[in-house]
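S.K.: Each chain, letter by letter, is given below.
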Amino acid sequence: MSRDSEVSFEILHKRDRKVALELAEGEIKGPDQQLDGWLSKLITDEDKALLAQVESGYRLIGFGMVVIGLLVGWLTVTGLFQYDGAGRVNLVYLLFVFVGLQLALLLLALVAMLPSFVSRRLPGFSSIQEMLKWFSPGRLQGLISRFMSKSEQSEIAQLLGRNQKIFAIIGKWQIFSWSQLFGVSFNFAALITLFVLIAVKDIAFGWSTTLDVQAETILGLTDFLSWPWQIWLPSEVPRLSLVEASRYFRLQEAIATGVDPAILGQWWPFLMLCLFFYGLLPRFMLLLFCRAKLTSATVRTVRYFPGKEALLDRLNRAVIETHSNRVAGAAQLVDKKTEREGRGDEVAAGSAIILINWSGLELSDSGLLKTLQQAGRFSIQDSYQAGASRQPKEDLQVIEAISKSSSTTPIGILVKSWEPPLGELEDFIHDLRASITPEQAVRLIPISPEDGKLAEPEQRDIDEWLRFTNSLVDPWVSLFLIAVELNDEFDNG
Amino acid sequence: MDNAPRFAVVGHPNKGKSSIVATLSLDDSVAIARTSGTTRVSQSFPMKVDGQLIYELVDTPGFQRARKALAWLQNEAEKVHDRPAVVKRFVETWKDSGKFVDECELLKPIIEGAGIIYVVDGSRPYGEEYEAEMEILRWTGQPSMALINPIDNDEYVEEWRMALNQYFRITRVFNAMTVEFHKRIDILNAFGQLHEAWRQPLEQAVKSLTQMREQQHLQAARAIAQMVVEMCGYSEEKKIDSESDPDRYQSIMKENFLNALRKLEKKSRQQVQEIYQHKHLKSQESTFELLSSDLFAMKDWYFWGLDKIQLSAISAAAGASAGLAIDAVSGGSSLLMGAAAGGLFGGAGVWFMADKIAKQKISGILPLGGKQLTFGPVSNRNFPYVLLGRAIYHQQLIAGRPHAKRDELMLKMDAQSNWLKELSSERRKLLDKLCKKLSNQEKPEEVEEALSNWIYLSLCEAEVTG
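Residue numbers (this note's numbering), protein chains in the order written: chain A, 4 to 496; chain B, 375 to 840.
If you are wondering where the hints come from, they were derived from the structure by calculation, not from laboratory data.
Ideal placement from N, C-alpha and C gives every residue a C-beta, glycine not left out.
It cannot be assumed that every hint is accurate.
[Stated by the list, open to error] Mimicking DSS-like on lysine-lysine, the simulated pairs with C-alpha atoms at most 25 Å apart in a straight line are:
no.: 1; chain 1: B; residue 1: K640; chain 2: B; residue 2: K628
no.: 2; chain 1: B; residue 1: K811; chain 2: A; residue 2: K311
no.: 3; chain 1: A; residue 1: K296; chain 2: B; residue 2: K628
no.: 4; chain 1: B; residue 1: K640; chain 2: A; residue 2: K21
no.: 5; chain 1: A; residue 1: K407; chain 2: B; residue 2: K442
[What the hints assert, rightly or not] Derived coverage of chain B by chain A (criterion: at least 3 residues anywhere in the stretch with Cβ under 8 Å from a Cβ of chain A; other residues may be distant):
no.: 6; stretch: 378-388
no.: 7; stretch: 423-430
no.: 8; stretch: 434-448
no.: 9; stretch: 585-596
no.: 10; stretch: 628-637
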């Protein structure tokens, strides 16, 4: 999908619709089926290889977490039980590590997992979350990923949301899952190591503290901690006699107090249960929770993955094309730039012309003829009708009549300024020029009559006529524009 | 589809044939010029649905020697029923001669069976010189209709209608430069009425184009919603070491932040243009000056956003504290209204605005040392409204723009000033709710989907109400 972001809608639609039509032939129609089918059609071998790399990378990280967790768990318990058989292992210290520290870390993990819209509302929590990210065991994935190939690293980096926003939420729960996997492995290793140590060594437990704590207080604590199993394993709840017997002081030797050493070993089931209920079990529960959140985040990402609805639309809506097959512009078009702009040639005042009315406009009835002569400052020697609705042979008759006169009087061809010059006018001028004396000027007179008067032709129309006269490449053919202000003067006068 | 109908768009040169083709084929690449003879060779515009040809428009050159061609035809035809065959013979006789080039080119699709769409300019008077070409078209015997394209005005439309009715069974007015979508559809229906066999394919074409239009609205709504959500959630971040002075980075971060937002908005604009097949509009970027005016220009905020009372109302309705309401108001349009009144527009305003709409945050000491500077996201409640108002207005201009248009896209500053007030209370409430979530950065994916639906409905409503 990410590759598609730079491709136009049109191309994507054509591609995806083609896939949908192929799928429809195979009776694949539902949205989920379509998406699966679409993915399988468009996924490349390269994509598959990358996905396989990502999966193997994830497995490697998970395995690494388990190994590191087991190792740390084993080392921790072994370290705590450094026992030479002469002294006692201090229960206070063990409870601090197995219960106190574990619960504190669990609490921090829960804080880190708080959704941002909750943490934003709690002062300081965002900063704590930010800080906790740095201490999450899940960050060990960075260390583990060093054992991966470069391509695996980059793919996973992307999937973890460093580059892709959509995977950010998945990445978050993936990190938390790995953290909990570490926690579970740690506790599991701790539990097994504890059991093995107890089995192979004769360990005497005792409790000792510098603080002024009575046996009753410790009993209260052990009773409280034994709450999860006190009903179904009441024998494993430490009694006052055991607590009192286990107290020792730094300067006092265990054996010297006259306590039966066998009693001092009775603490181990309590310790193992503490480790199970306050270490392994909550971590395991949290692992399940994180896995569930990871699954729901993945489902959610699929549910909301950007462009899913758009993709389904592309699959299910017909591709409609209305464009030309040809490349726009290109050969069939002619660039008709204005070569010359201006107002055309002037005619000397009082000169005579032979007028050919090519416009089809009624001149005499509307009084336009008079206006035309006054405004154009010319007199009409002869007048002919050609073009418009007349037959082409009538055009030829006009040419013939003019050529017979052997006059050098300029010829004025009256045209509608707003109508574009056509090929037949070009043919007519060509035929006319071939029949008359070469020095006999032909002037095109575009007019724009309005209510019996001459209106100013629009500049774009004049430009069109200028282009036309220029395209004839004949010095004796030019444009003659009537000064419209004179038209008004005559009218007022 | 076998024998899909073809329609040859013919007429005098420079009467808007290509404009009509561009508008009907939604193709803004068609060369359109006010000079005559722009089209020299026929060009086909097939309409295809999933690759299947439904109908075809053919843009043709204008008549150049109609009277001479008609004279040749009249000379050749002895009986009325010979006329179509004579026209065919005319094309065969003259096609490679160099004479009647344009006539042969435009008559070729017609003698092959195309319907005739004869185009005239309703802003220029009728003239007798048109009769020869109309007569030639009549001689072909093909179904035909006339379109009066009032290029500059409709002064001579009635005059034309009376003349055209003598030659064509159907005459319609069709302004290629201003026509709305439903009128384009109506014209296609009219094409279908020319021949019984063409009715069904044209109905299918209309149905498909209507679906395409809905699809375009949907895509546009998604693109806009994505942009709004992305922009509302955008922030610029930078890690610096503990000794560095955050103020040193403030200026560059602010600039980067503003530029990133502008880029996101521009990308969305281009997407919307592409969705509505205005691909060449981007080459006229300068004409977009007003619409692409700076997002942070105060006048835009004043224009598209909520006013003081509206802002107070939504803040109160959302149960916000009085402090928030005052903050929103003072950071929003009250300031802008004052600024607008004072005429404080322009570059300085952008910087001023940026401080008001987005806050700079310095996250404490990071575990590995250093500080994290964050600029944004925009916290002002008005921001989503401003983005949405601008984007929807741009979409309206683009969606309503015929593909024949080549002029500037103009923004009328008073056109949409009441866009929020015109919404029904129900739709307004939903929008307020979504904008609130946007401002609070809550569940952006869900907001995007809901916002996309909201925009889609708005676009569809706008299409119906015009």
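S.K.: Are the hints correct? Go through all of them and say.
M.R.: Status of the hints after comparison with the structure:
For the proposed pair K640 (chain B) and K628 (chain B), the alpha carbon gap of about 18 Å is at most 25 Å, so the pair holds. With a CA separation close to 22 Å, the supplied pair K811 (chain B) and K311 (chain A) stays within the 25 Å bound. A threshold of 25 Å between alpha carbons decides the hint, and for K296 (chain A) with K628 (chain B) the separation of about 36 Å lies outside it, so the pair is violated. Between K640 (chain B) and K21 (chain A) the alpha-carbon distance is near 31 Å, which puts this suggested pair outside the 25 Å criterion.
Distance hint between K407 (chain A) and K442 (chain B) is fulfilled; the C-alpha atoms sit about 24 Å from each other, no more than 25 Å. Requiring three or more residues with a Cβ within less than 8 Å of a Cβ of chain A, the coverage given for the stretch 378-388 of chain B holds, as 3 such residues are present. Counting residues of the stretch 423-430 of chain B whose CB falls under 8 Å from any CB of chain A gives 3; the rule of at least 3 is met. As drawn, the stretch 434-448 of chain B meets chain A at 8 residues by the rule of a beta-carbon pair under 8 Å; at three or more, the given contact holds.
A stretch counts as covered by a chain when three or more of its residues have a beta carbon under 8 Å from one of that chain; for the stretch 585-596 of chain B and chain A the count is 6, and the coverage holds. Given a C-beta distance limit of less than 8 Å, the hint that chain A covers the stretch 628-637 of chain B is violated, as 0 residues qualify and 3 are needed.
Of the hints listed earlier, those the structure fails to meet are numbers 3, 4, 10, in rising order.
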